[in-house]
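> Chain by chain, the residues:
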Amino acid sequence: MNAPDNLTAPHSDTALPRLIVIGNGMVGHYFLEQLIETGVHRRLAVTVFGEERHRAYDRVHLSEYFGGRDADSLSLSESDYCDLNGIELHLDEAVTAIDREAKRVTTTRGEYAYDQLVLATGSYPFVPPIPTLEETTESHAALVYRTLDDLDRIRNAAESLAERDIRRGVVVGGGLLGLEAANALKSLGLEAHVVEFAPRLMPVQLDDQGGDALRRQIEALGVAVHVERATTEIVKGETHRYRMNFADGEWLETDLVVFSAGIRPQDRLARESGLAIGERGGVVIDETCHTSDPDIFAIGECALWNGQIFGLVAPGYTMARTVAGCLSGTCEPFSGADMSTKLKLLGVDVGSIGDAHARTEGAVSYRFIDEAGHGYRRLVVSADGKRAIGAVLVGDNSYYDTLLQYVQNAIKLPADPASLILPQSEGTPLLGADALPETATICSCHNVSKGAICQAVEGGCSDLSALKAETKASTGCGGCTALLKQVFEHELESRGIEVDRSLCEHFAYTRQELYGIVRVEGIRSFEALHERHGKGHLGCDICKPAVASILASCWNEPIMEPSLVPLQDTNDTFMANMQKNGTYSVVPRIPGGEITPDKLIAIGAVAKKYDLYTKITGGQRIDLFGAQLHELPEIWSELIEAGFETGHAYGKSTRTVKSCVGNTWCRYGVQDSVAMALTIENRYKGLRSPHKLKFAVSGCTRECAEAQSKDVGVIATEHGWNLYVCGNGGMRPRHAELFATDLDDETLLKTIDRFLMFYIRTADRLQRTSVWRENLDGGLDYLKQVVLEDSLGLGDELETQMQHVVDQYECEWAGALKDPEKLKRFRTFVNDKRADPDIIAVSERDQPRPARPEEIASLAVEVTS
Amino acid sequence: MSTTATASASGERTKAGIRLCTRQDLVPNSGVVAWHEGSQIAVFAIPAGASTDLELYAVDNHDPFSGANVIGRGIVGELGGELVVASPIYKQHFRLRDGQCVEDESRRLRCWPLAFDGDDVVLLQEDSIVRA
Ligand SMILES: Cc1cc2nc3c(=O)[nH]c(=O)nc-3n(C[C@H](O)[C@H](O)[C@H](O)COP(=O)(O)OP(=O)(O)OC[C@H]3O[C@@H](n4cnc5c(N)ncnc54)[C@H](O)[C@@H]3O)c2cc1C
Ligand code: HEM
Ligand code: SF4
Ligand code: SF4
Chain V
1 MNAPDNLTAP HSDTALPRLI VIGNGMVGHY FLEQLIETGV HRRLAVTVFG
51 EERHRAYDRV HLSEYFGGRD ADSLSLSESD YCDLNGIELH LDEAVTAIDR
101 EAKRVTTTRG EYAYDQLVLA TGSYPFVPPI PTLEETTESH AALVYRTLDD
151 LDRIRNAAES LAERDIRRGV VVGGGLLGLE AANALKSLGL EAHVVEFAPR
201 LMPVQLDDQG GDALRRQIEA LGVAVHVERA TTEIVKGETH RYRMNFADGE
251 WLETDLVVFS AGIRPQDRLA RESGLAIGER GGVVIDETCH TSDPDIFAIG
301 ECALWNGQIF GLVAPGYTMA RTVAGCLSGT CEPFSGADMS TKLKLLGVDV
351 GSIGDAHART EGAVSYRFID EAGHGYRRLV VSADGKRAIG AVLVGDNSYY
401 DTLLQYVQNA IKLPADPASL ILPQSEGTPL LGADALPETA TICSCHNVSK
451 GAICQAVEGG CSDLSALKAE TKASTGCGGC TALLKQVFEH ELESRGIEVD
501 RSLCEHFAYT RQELYGIVRV EGIRSFEALH ERHGKGHLGC DICKPAVASI
551 LASCWNEPIM EPSLVPLQDT NDTFMANMQK NGTYSVVPRI PGGEITPDKL
601 IAIGAVAKKY DLYTKITGGQ RIDLFGAQLH ELPEIWSELI EAGFETGHAY
651 GKSTRTVKSC VGNTWCRYGV QDSVAMALTI ENRYKGLRSP HKLKFAVSGC
701 TRECAEAQSK DVGVIATEHG WNLYVCGNGG MRPRHAELFA TDLDDETLLK
751 TIDRFLMFYI RTADRLQRTS VWRENLDGGL DYLKQVVLED SLGLGDELET
801 QMQHVVDQYE CEWAGALKDP EKLKRFRTFV NDKRADPDII AVSERDQPRP
851 ARPEEIASLA VEVTS
Chain U
1 MSTTATASAS GERTKAGIRL CTRQDLVPNS GVVAWHEGSQ IAVFAIPAGA
51 STDLELYAVD NHDPFSGANV IGRGIVGELG GELVVASPIY KQHFRLRDGQ
101 CVEDESRRLR CWPLAFDGDD VVLLQEDSIV RA
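Line by line, the protein sequences give chains V and U.
Mapping the first sequence onto the working numbering, position 458 (from 1) lands on 458, and the numbers just tick up by one.
Mapping the second sequence onto the working numbering, position 89 (from 1) lands on 89, and the numbers just tick up by one.
What the hints contain is simulated information worked out from the structure, not anything from laboratory work.
Watch out, some of these pointers could steer you wrong.
Stated by the list, open to error - Within a straight-line C-alpha distance of at most 30 Å, the following computed DSS-like cross-link-like pairs (lysine-lysine) qualify:
1. V:LYS692 / U:LYS91
2. U:LYS91 / V:LYS535
3. V:LYS412 / V:LYS386
4. V:LYS833 / U:LYS91
5. U:LYS91 / V:LYS580
6. V:LYS580 / V:LYS609
7. V:LYS692 / V:LYS750
Claimed, not checked - Derived list of chain V stretches under chain U, where covered just means 3 residues or more per stretch with a C-beta under 8 Å from a C-beta of chain U:
8. 575-588
9. 820-830
Glycine included, each C-beta is placed from N, C-alpha and C at the ideal position.
Just chain V, with the same shape it has in the complex (with noise of 0.2 Å):
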């Protein structure tokens, strides 16, 4: 081949057929995983080509990159994923031009031949030509929804506004993209609106009383929606930066605009190659997903099948599998995609399954709808009334996993078929896992099969993530987790295994069933428990710490009580946190985070005094390390004289309330946060927990205090307090879910004493309360029902349980230093006063640390020269 100077050769080994992916967002990294996973790689030269900056992430999560995730977490891969496969990845080089002739790409770095190509480039956002007033400056008037970069761009014209009272954003378009823009603006601290032209929302996916039922909703959780407004210029605005104005002769001001009105494939380098093209755009693809060049292949949402474009990834990634299939020899047709959809829209639930509209001939349709709740389901069924063919639901989603499944599955209706959109406390026939068929759908994002999952469970797998890791099922867009665990429970115990939830070979029981016991029976000692319904005569280390926070929870006596010491883990024993050369590090409490000169002044004295390392915490408090066992007592009782308590940094309890300076002094404070830090802090100062417990609270959204990281997070609004729930710092991020809004001072608190409790009551031994709502059933609208509604009739009970562990609050610490016997225990030996010799400290940065191995090996040898 005479290639010109100028053509780079990507790939060494020119010898393998070339293959050039255009575009590596999800779909085209998808292909890349079926082109590894069937081998394929091997035999081929595979370059990549990517416009954005990023590798390809998930963009069906998107919105979560406001609500806490980076680009890094939302990744689908690790950065060296295709350099360890052999696959070439040019990012930010965008490819400008296909020359089918010669087989070659041109890029905006260079030139690259070809054998084969894919192009998977996705599409963009349509803007509709709205004339608008010209800025020389980035444009807060036209702005998009659609990539990482375009998120950063709104968020910067967000934040260039922070100075503003009121701020406003208008999304253009009120379909489930334009719904999720909002709910980024909303989340933004903007005063959210959306303009749309048809006359519902989702026109779409919904039918009038749907989008109906939806706006009612949205417009309950603050987004204004406007319906039937075709905008026809954006002009400078008066009191806001923008005015739009509608053909009906309205207007809206705002400070910036979204536009979310629709997507067009991104087809521009196959028009200008010639390839085949549909009339209203998109890539003409046949069922193996080749276009008119029989080297070319189009997958994901640039490609037509059939006169349709899929937006969604699910019909993508079937497409890449096809591809994948051909090059590998094994062409699996595609064969269209169902475009059913379940979601949740600014908290609301929507599903649209199959034939929404009801638009077969002669089909049959049954509706609820309740006006009160702004609920609305509607069932799609055939002419001979013998299948369902469609379904909308606004409100409740509970009922999309049945339909579904009876959908597409044809299964057969029951006599009243009705009854499958009834509220369920009327006996909705459930379907159950055994109903259906092997060949049932149950993820359909990797098109996982109920078949599939059988046969991995027969192969073995005997946990849930464990099979999610071999089927990959529920990794997609999760939302057929709770289907998948019950299929997977079923075949489990259709095969008589039972599922061990022992919480150790002492106790045939779980926490949340011991925690049970333990309050029904009123027990407060291990050994009474163990009596009656343990085995063996000890308990170990598992199970022993477990009952003692129990038994915490519950009764809140001092864990110094001489029946509680053999149980504790030695950090609980001696109140102090064990470091790796057996000395203990001292945090005492400091409340929010505030603290006065003359307290700082004496913990710097202790820390002296006893030559600590001193360092503050990520927690807003000072700790104090390399302190033995036998000083403990002493520090201890000169820190309590200054006035501090026990920080219970040792146990699984309350840790920190990390506050931000608030409205006392910040100019944008809204509340007095350090005020409800110290209210929240002293509160539950006290609570033993199955997992340690964080919190805080942030004076305006701000969020200077980051309490959206923590397991409760505490955030002032102009009217009370919102409050979010169990996030995560740690190894595993898990940002805090919003709770409640707008709570006053004592339902905020009343709010937190339920849901703590309920935590205390329900969660697994050491689980934090992120993995704990992650497994919850039902997850957050459950617990909302539990906590705000009181559905479980348990909120007075989760409060007087609450109330009677503050009441029992005692400082541990001060509770020692005044028991002779229990100060017996903090002696480095027993017989000899001294400390232990083999704890050796050197200076480092003007403070003491542990000697490494090496150095103390040197110190011996310069003691016995």
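For this one, chain V is given, so just place chain U with the ligands on it according to the hints.
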């Protein structure tokens, strides 16, 4: 305070053996540490079945995994019918009767024979064992 009393009396050689500490120094179902001629001995006192008396176990306080002297502060428990103590640092289990590490066959803690002599806890010596 009792600490001073025992401290002055420890190390004393009696007919039964070498005196380490007293019964009052022990914490049932848990450990304490005694100093003996440069060794650190973790002493565990476990209520023996129905009888009220305590069974004594003595293993090295030195944790071979972390290198710290912490075994006496571990949780005592039962694993597969054997009495064990869990290291408070990296949580390995050691059998009380012979110091054997459950997780790693190659690690074993040094052990000492202990007994009560009235209210004293004494370390039995080769010669005293013969006489006992
Ligand atoms: C906010 C949001 C929420 C969504 N929610 C859902 C949902 O809940 N469920 C669902 O199924 N779907 C959802 N979608 C749709 C889903 O993200 C898309 O269906 C999916 O991303 C399509 O994948 P793709 O690879 O075809 O396109 P994309 O992911 O858009 O990837 C195309 C890539 O190709 C690149 N590219 C384009 N032209 C070139 C060129 N010339 N050279 C190099 N690179 C190029 C682009 O920069 C882009 O990175 C959502 C989309 C958004 C934006
Ligand atoms: C504040 C915003 C949000 C944050 C911080 C967030 C965070 C997360 C995180 C960390 C995961 C786990 C991902 C993993 O395990 O790899 C996740 C999963 C998921 N998210 Fe979100 N999310 C947010 C909003 C949403 C919204 C609005 C939806 C629905 C439209 C959604 C739907 C899901 C689903 C279905 C899963 C999978 C759940 C499962 O596997 O059990 N998330 N999210
Ligand atoms: S089903 Fe998902 S479609 Fe549905 S969830 Fe499974 S991973 Fe997505
Ligand atoms: S969160 Fe607190 S410190 Fe930050 S801006 Fe708001 S009030 Fe000020």
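> Below or equal to 30 Å on CA atoms is what counts here, so check V:LYS580 against V:LYS609.
holds, 22 Å
> U:LYS91 and V:LYS580 were given as a pair; does the straight-line alpha-carbon distance stay at or below 30 Å?
Answer holds: U:LYS91 to V:LYS580 is near 12 Å, not above 30 Å.
> Verify the coverage statement for the region 575-588 of chain V against chain U, using a C-beta to C-beta distance below 8 Å and requiring 3 or more qualifying residues.
n = 4 at 8 Å, threshold three: holds.
> Under a C-beta cut-off of less than 8 Å, do 3 or more residues of the region 820-830 of chain V approach chain U closely enough to confirm the stated coverage?
holds (count 7)
> Taking 30 Å as the top limit, are the C-alpha atoms of U:LYS91 and V:LYS535 close enough?
Distance ~22 Å between U:LYS91 and V:LYS535 Cα, so the pair holds.
> Would you check the hint for V:LYS412 and V:LYS386, treating anything up to 30 Å between C-alpha atoms as holding?
holds, 6 Å
> Take the C-alpha atoms of V:LYS833 and U:LYS91, compute the straight-line distance between them, and say whether it is at most 30 Å.
Holds: V:LYS833 and U:LYS91 sit about 28 Å apart, inside 30 Å.
> Does the alpha-carbon distance linking V:LYS692 and U:LYS91 stay inside the 30 Å limit?
holds, 19 Å
> For the pair supplied as a hint, V:LYS692 and V:LYS750, is the alpha-carbon distance within the 30 Å limit?
holds, 20 Å
Violated hints: none; the structure is consistent with every hint.
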